[in-house]
Amino acid sequence: MLKYVIKRILYMILVFLIITLMCFVLVRMLPLPTLPPEDSHTKVVMMRREALGYNEPYLVQFWIFLKNVITKFDWGLSEKLYFGQDVWTIFRQKLPATMIVNLYSIILSIPFGIALGILAALKKNSWVDYTISTLTMVVISVPSFVYAFIIQYVFCFKLKWFPFLMKSGTDWFSPAMFRSMIPPVMALSFGVIAQFTRTTRAELTEVLTSEFMLLARTKGLTKAQATIRHALRNCFIVIVPSIFGEFIGILGGSLIIEKIFAIPGVGGLTLNAINGLDYNIYMLSTCFYTIVSLSASLVVDISMGFIDPRIRMGSRK
Amino acid sequence: MENFNNAEYEHIPAEKFAFVQDSDKIHDIELQTKARSFFADAMIRFSKNKSSVVAAWILLFLILFSFISPLLSPYGIKDTDKLYVNYPPFLEWAADLGIEALSGAKTFDSQNDTAMNFWRGIAEETGRNPVIKTIGTHETEVKYRGQMVKRYTYDIKVNAYYALGVVYRVFSYDEFKKIQDWQNEHGIQIIYPYVEPADISGITDNANIWYKVDAKGSAILDKDGNLQPVYSKRAEIAGAEYNSLRIEGDDGSYIYSMAKSGSVQCRIDYYNYYRYIFGHKPQYVFGTNSMGMDLFGAIGIGARFSLVFAVIVSAINLTIGAIYGSVQGYYGGRVDMILDRIADILYGVPFIVVTTLFQYHLARKVGVVPSFLFAYVMVGWLGMAALTRKQFYRFKSQEFVMAARTLGASDRRLMFKHIFPNAIGTIITSCALVIPGVISSETSMTYLGIVDLSSFAGTTIGTLLSQGNAAATTAPHAMLWPSVFLGLLMICFNLFGNGLRDAFNPTTRGVED
Chain A
90 MLKYVIKRIL YMILVFLIIT LMCFVLVRML PLPTLPPEDS HTKVVMMRRE ALGYNEPYLV
150 QFWIFLKNVI TKFDWGLSEK LYFGQDVWTI FRQKLPATMI VNLYSIILSI PFGIALGILA
210 ALKKNSWVDY TISTLTMVVI SVPSFVYAFI IQYVFCFKLK WFPFLMKSGT DWFSPAMFRS
270 MIPPVMALSF GVIAQFTRTT RAELTEVLTS EFMLLARTKG LTKAQATIRH ALRNCFIVIV
330 PSIFGEFIGI LGGSLIIEKI FAIPGVGGLT LNAINGLDYN IYMLSTCFYT IVSLSASLVV
390 DISMGFIDPR IRMGSRK
Chain B
52 MENFNNAEYE HIPAEKFAFV QDSDKIHDIE LQTKARSFFA DAMIRFSKNK SSVVAAWILL
112 FLILFSFISP LLSPYGIKDT DKLYVNYPPF LEWAADLGIE ALSGAKTFDS QNDTAMNFWR
172 GIAEETGRNP VIKTIGTHET EVKYRGQMVK RYTYDIKVNA YYALGVVYRV FSYDEFKKIQ
232 DWQNEHGIQI IYPYVEPADI SGITDNANIW YKVDAKGSAI LDKDGNLQPV YSKRAEIAGA
292 EYNSLRIEGD DGSYIYSMAK SGSVQCRIDY YNYYRYIFGH KPQYVFGTNS MGMDLFGAIG
352 IGARFSLVFA VIVSAINLTI GAIYGSVQGY YGGRVDMILD RIADILYGVP FIVVTTLFQY
412 HLARKVGVVP SFLFAYVMVG WLGMAALTRK QFYRFKSQEF VMAARTLGAS DRRLMFKHIF
472 PNAIGTIITS CALVIPGVIS SETSMTYLGI VDLSSFAGTT IGTLLSQGNA AATTAPHAML
532 WPSVFLGLLM ICFNLFGNGL RDAFNPTTRG VED
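Heads up: the protein sequence lines correspond to chains A and B, in order.
Here the first sequence is numbered in the working numbering, starting from 90 and rising by one per residue.
Here the second sequence is numbered in the working numbering, starting from 52 and rising by one per residue.
Don't take each hint at face value.
Just a few of them, taken from the derived set where beta-carbon distance is under 7 Å, the chain A residues facing chain B [unchecked claim]: (1) Leu106; (2) Ile107; (3) Thr123; (4) Leu141; (5) Gly142; (6) Tyr143; (7) Ser230; (8) Val231; (9) Phe246; (10) Ile363; (11) Cys376; (12) Thr379; (13) Ile380; (14) Leu383; (15) Leu387; (16) Val388.
Below, simulated DSS-like cross-link-like pairs (lysine-lysine); rule was C-alpha separation at most 27 Å, straight line [stated by the list, open to error]: (17) Lys441/B / Lys96/A; (18) Lys184/B / Lys208/B; (19) Lys85/B / Lys67/B; (20) Lys274/B / Lys169/A; (21) Lys249/A / Lys201/B; (22) Lys184/B / Lys247/A; (23) Lys213/A / Lys201/B; (24) Lys96/A / Lys183/A.
Just so you know, these hints were derived from the structure itself, not from any lab.
From the three backbone atoms N, C-alpha and C, an ideal C-beta is built for every residue, glycine too.
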C-alpha cells in the first residue's frame with residue numbers, strides 16, 4: 090500500500106511539473122507588460138526580471154523559477170495589479186476567505202447530502218424519492234450562477250435575511266462575517282449536496298437489493314440495523330472518497346460564486362489577473378488550481394485503496 | 052413427451068387418427084411481426100420514459116425559440132437604446148389591456164404629493180398616464196405650522212416607459228428640421244415647448260417639469276387645483292424656426308427650442324422620439340437589459356450561438372476522442388500507456404487555464420471564437436477517449452474479433468468496422484450529455500468575462516447573465532429570463548440525455564418495471 094501511495098504521489102508531482110512547464114513557457118512567450126516609467130518599483134521589477142533570466146532560454150528561466158519557488162517560495166513580483174508587491178503575500182491574504190467558505194459548505198453538504206440520499210434510497214419509488222431525485226437532477230443540471238442569483242435575490246434582497254455581498258475585513262470567525270457567508274455557502278453547497286445525494290442513492294439502492302442484506306434480515310436484524318451496519322458501510326466505499334474529491338473539487342469550482350458574492354478570495358484574484366494580464370499572479374493561480382485538481386484525483390484514488398481492499402490488491406500488478 | 056404412456060391410447064382405433072397436415076411440406080412460418088431494429092427498439096423504450104419525452108419536446112421548443120426569436124424581434128443585436136435601460140417587459144397593446152406582466156410596471160413606494168403631481172405633469176403633457184395603479188395608501192400626521200395635518204403617501208405602479216416622459220436633447224439644425232417633417236407627416240408630437248430653468252426654480256436636470264413649482268420642486272397649483280404651465284415665450288432665445296405641430300393651448304407664442312452654440316436644445320417626448328428613430332413603438336417582451344438590448348431577441352441570438360458551438364465542439368471531440376480511444380484500447384500495452392500519460396497531463400490542466408492561454412496567444416491572430424474552440428478541442432475529447440478505450444477493452448478479446456482477424460482483416464478494419472460499431476450506442480448517447488456540458492462551461496467562461504464573444508456572436512447567454520447580474524436588484528427580469536432559459540435548457544438536455552442513455556443501454560432491454 091505504501092509503495093502504491095508513494096508511486097502515485099511521485100507520478101502526480103511529475104505530471105504537475107510537466108503542466109507547470111507548459112504553462113510557464115506559454116506565459117513567458119507572451120509580450121511583457123510595459124512598466125510605468127516614473128514609478129519607484131519599476132527599477133525593482135526590472136532588476137527582478139534580470140535576475141529571473143528573462144533574456145535566457147525558456148528552460149533556464151524555468152529552472153530559475155523552480156529554484157526560487159522551492160528554496161524561497163518566491164513566486165515573483167506582481168507587475169500589473171499590485172505593482173511591485175510579492176505575489177505570494179497577496180495570494181496568502183486571499184486564501185483564507187476561499188478556504189473558509191469551502192470548508193463551511195462541505196460541512197453543510199456532507200450530512201444533508203448523505204441523509205437525503207439515504208432517505209431517497211429507503212423510500213425508493215415513493216413520492217419522497219421522486220421529489221428528491223427530481224430536485225437533485227435540477228440542481229445538478231442548472232449552472233451554479235443561476236441559483237446563486239435566486240439565493241441572492243430572494244434571501245438577500247427580498248427577505249433581507251443576509252447582507253447582499255460578503256462582509257469585507259479579516260475577522261473570519263465573527264458572527265457578522267458568518268452571517269454574510271451563508272448565501273455563498275448555500276450557493277456552493279447546493280451542487281455538492283445534489284452530488285452526494287445522487288451518489289448515496291445510487292449506491293444504497295444497489296446494496297439494499299443484494300443478497301447479504303436478505304441474509305442479515307433473515308438472521309433477525311431489524312431493517313434499521315441491517316441498513317446501518319451492513320448497507321451503509323458498503324456504500325461508504327464510494328461515498329467517502331467522493332467527499333475528499335468534492336472538497337478539493339469545489340475549491341476549483343467556486344470562481345463564479347466568489348465573483349457573485351464579492352468574496353475576497355483566490356477566484357477573484359485569478360479573474361483579475363487574467364483580465365489585468367498580471368502574469369505572475371496568473372502563474373501562481375494556475376499552479377494552485379492544477380494542484381487542486383491533481384490532488385483531488387489522487388486523494389480519491391488513494392482513499393479508495395484504503396477503504397476497499399480489492400482495489401489495493403489490484404495495485405500490486 | 053417422454054411422459055406419455057402409449058398404453059393410454061391403445062383403446063383408440065387406428066382409423067380415428069388423421070394427419071394434421073398431409074398436403075404441404077412442413078416448414079418454418081415466416082415471422083408475422085416485423086423485425087425491430089436496434090434504433091427502433093431504443094426509440095420505443097425512450098418513448099416509454101415520460102419525463103424524457105416531455106424534456107425532448109421542451110428542448111425542441113427552446114431550440115426553435117432560439118432560432119425564431121431573433122427573427123420575431125424587431126431589434127437587431129446592435130439596436131440598443133441608451134435610455135430604455137433595464138426596463139421591464141412592455142407591449143403597448145398588452146399594457147392597454149391591463150396585463151400587468153407586460154405593462155412595463157415598476158413599483159414606486161411612498162410617493163408624496165410632489166411626486167404624484169410630477170406623474171400627473173407627465174400624464175397631462177404627453178397624454179400618456181404613467182401611473183398604472185395605486186397599490187397602497189399611507190396616512191401620516193405631521194406637524195405643519197403648529198397644526199397637525201394629515202399627509203398621504205402612495206405606493207404606485209408606474210409604467211417605466213411612459214414615466215421617462217420628456218427629456219432634453221441637443222440637435223443639429225438639419226435634424227431638428229427632419230423631426231419637424233416627421234411630425235407633420237405622422238401627426239405625432241415629439242418636440243414640446245421649451246421651459247426656461249429660471250421659471251421652474253432653476254431646475255435643469257429634469258425636463259418633465261413644465262409647470263410652476265416652488266423651490267423644492269413641488270407644483271404650485273392654481274385655485275382649481277390645476278398645474279400652471281410656464282412655457283417660455285421669449286422668441287429671442289429660440290434656436291430655430293418651428294413650423295410644425297403645436298400643443299393644445301398654444302397661441303403660437305411658445306418657443307420649441309433654445310439656441311445652443313450652433314445647435315438647438317429642445318424638450319422631446321422620448322416615447323415618440325423612439326418611434327421616430329426605430330419606426331415603431333417600443334416592444335420588449337422580456338424587457339431590456341443593462342445595455343438597452345431587447346432581451347427577447349438577445350436570448351435567442353446568444354442561445355443560437357451556444358447551441359451551434361456546442362454541437363460543433365461535440366462533433367469534433369467525438370471524432371478525436373473516438374480515434375484516440377480506439378487506438379489506445381485496440382493496441383493496448385505500451386501505446387496505451389504513453390497515450391494515457393498524455394491524456395493524464397491534459398486532464399490535469401484546469402479548463403480555465405487552457406482557455407486563458409489560448410485567448411492570450413491566439414485571440415488576436417485567429418479570432419476569439421476559433422481560439423475558444425481550440426481550447427475545447429485541446430481537452431474536451433478526454434472523456435470520450437476514456438469511454439471508447441473502455442469499450443474497446445471490452446470487445447477486443449471477443450470471438451468475433453478473433454474470427455475477423457483470422458480471415459485477414461486489417462487493424463483499421465477491425466477497429467472501425469468490427470469493434471467500433473459495438474461501442475457506438477454508448478458513445479452517441481454520451482454525446483447527448485456532452486452538449487449540455489459544453490453549453491454550461493461556455494456560459495461560465497463568458498459569464499466570468501474570460502472570453503468575450505460579443506463581437507462575433509453579438510451576445511451569449513453568459514454575457515447576458517453577467518450584464519443582468521450588475522442590476523440584479525433593480526431589474527431582476529434582466530437576470531431572470533436568461534436564467535430561466537438556460538436552466539430549462541440544461542435540465543431538458545440532461546433529462547433527454549439520460550433517457551437516451553437508458554434507452555440505448557442493452558442491459559435494460561426487455562426489462563420493464
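Hint-by-hint comparison with the structure:
For Leu106/A, the shortest C-beta to C-beta distance to chain B is roughly 10 Å, which exceeds 7 Å, and the interface hint is violated. Of the supplied interface hints, the one on Ile107/A holds, with its beta-carbon coming within about 5 Å of a beta-carbon of chain B, less than 7 Å. For Thr123/A, the interface hint is violated, the least distance from its beta-carbon to any beta-carbon of chain B being 16 Å, above 7 Å. Residue-level restraint check for Leu141/A is violated (minimum Cβ-Cβ distance to chain B is 19 Å; threshold 7 Å).
Because the beta carbon of Gly142/A sits about 21 Å from the nearest beta carbon in chain B, more than 7 Å, this interface hint is broken. Taken as an interface hint, Tyr143/A does not check out: its beta carbon lies about 17 Å from the nearest beta carbon of chain B, beyond 7 Å. A distance limit of 7 Å between C-beta atoms decides the matter here; for Ser230/A the minimum to chain B is near 4 Å, and the interface restraint holds. Here the hint on Val231/A is kept, as its CB sits about 4 Å from the closest CB of chain B, short of 7 Å.
The closest approach between the C-beta of Phe246/A and any C-beta of chain B is roughly 5 Å, which is under the 7 Å cut-off, so the hint is satisfied. Because the smallest distance between the Cβ of Ile363/A and any Cβ of chain B comes to about 5 Å, under 7 Å, the interface hint for this residue holds. Checking Cys376/A against chain B by beta carbon gives a least distance of about 10 Å; that is not within 7 Å, so the hint is violated. A hinted interface residue such as Thr379/A counts as satisfied when its beta carbon comes closer than 7 Å to some beta carbon of chain B; here the least separation is about 6 Å, so the hint holds.
Below 7 Å, beta-carbon pairs count as interface contacts, and Ile380/A has none with chain B, the closest being about 9 Å; its hint is therefore violated. The interface hint given for Leu383/A is met, as the beta carbon of that residue sits about 5 Å from the closest beta carbon of chain B, less than 7 Å. Annotation: Leu387/A was flagged as interfacial toward chain B, and the flag is violated, the nearest CB pair being 10 Å apart, outside 7 Å. With its C-beta approaching chain B no nearer than about 14 Å, Val388/A sits outside the 7 Å limit, and its interface hint is violated.
Distance check on the hinted pair: Lys441/B and Lys96/A sit about 24 Å apart at the alpha-carbon level, within 27 Å; holds. Distance hint between Lys184/B and Lys208/B is fulfilled; the C-alpha atoms sit about 5 Å from each other, no more than 27 Å. Of the supplied pair hints, the one linking Lys85/B and Lys67/B is violated, its CA atoms being roughly 40 Å apart against a limit of 27 Å. In summary, the hint linking Lys274/B to Lys169/A is not supported, as the alpha carbons are separated by about 66 Å, beyond the 27 Å threshold.
Between Lys249/A and Lys201/B the CA atoms are separated by roughly 31 Å; this puts the pair beyond 27 Å, and the hint is violated. Between Lys184/B and Lys247/A the CA atoms are separated by roughly 22 Å; this keeps the pair inside 27 Å, and the hint holds. For the hint linking Lys213/A to Lys201/B, the alpha-carbon distance of about 63 Å lies beyond 27 Å, and the restraint is violated. Of the supplied pair hints, the one linking Lys96/A and Lys183/A is violated, its CA atoms being roughly 33 Å apart against a limit of 27 Å.
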